[in-house]
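Chain A: place on chain W using the hints.
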Amino acid sequence: GEDVEQSLFLSVREGDSSVINCTYTDSSSTYLYWYKQEPGAGLQLLTYIFSNMDMKQDQRLTVLLNKKDKHLSLRIADTQTGDSAIYFCAESTDAGNNRKLIWGLGTSLAVNP
Amino acid sequence: EPEVTQTPSHQVTQMGQEVILRCVPISNHLYFYWYRQILGQKVEFLVSFYNNEISEKSEIFDDQFSVERPDGSNFTLKIRSTKLEDSAMYFCASSNGVADTQYFGPGTRLTVL
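Those sequence lines, one after another, are chains W and A. Under the numbering used here, the first residue of the first sequence carries the number 1, and numbering increases by one thereafter. Under the numbering used here, the first residue of the second sequence carries the number 1, and numbering increases by one thereafter.
This is chain W alone, in the form it adopts within the complex (with noise of 0.2 Å):
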């Protein structure tokens, strides 16, 4: 089945770029995400990436996408300390009136001043 894996912990210096990265299985995939929960809240989106490209860049956001080997990932150039959160990788597959997110645990970013 489809399955979506990242590492748990990243641990940066303020300053720094953060580099999170993603495998995931499923080859149908179409587009990938990024999303962010900070402490006690929900569930942000981040950026976004659709399976026919391979780099998308937003301000400080790089996303890379290695189709191939099923490789994505997310680089936070000077990182800050409200980065600190966990980010989480999804995928969708295009199925129908349904696209369905299938995720990964999660890799929490430690930001050290």
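All the pointers check out, no bait thrown in.
Here are a few chain W residues that face chain A, going by a calculated C-beta distance under 7 Å:
id	residue
1	Gly-42
2	Leu-43
3	Leu-45
4	Lys-100
Read the hints as simulated data drawn from the structure, not as lab findings. No residue lacks a Cβ here, since even glycine has one placed at the ideal position from N, Cα and C.
Frame of chain W, contents of chain A only:
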């Protein structure tokens, strides 16, 4: 900016009781979803809803669960007879089109005692 809202933020109930979790999706959205996140586990898809009917449901979504859009704004998840293992954070999401990004509410934390 429009957002998905959910009430209550926290619900405590006794095992065997019925609960109704409420969501108000973004007003022009047509596709609605429920997900849940058991503590320490992945976010799991429960059900998707479009055009006043269920589009897809997961194995978790058994006869104890039901969804309804009782009016033009609310989308509810009912659990008829709660079990201890139903304790989780329940997230509602909506999207404008089936291929569009899902926007999530802040979640309802359900605790079954």
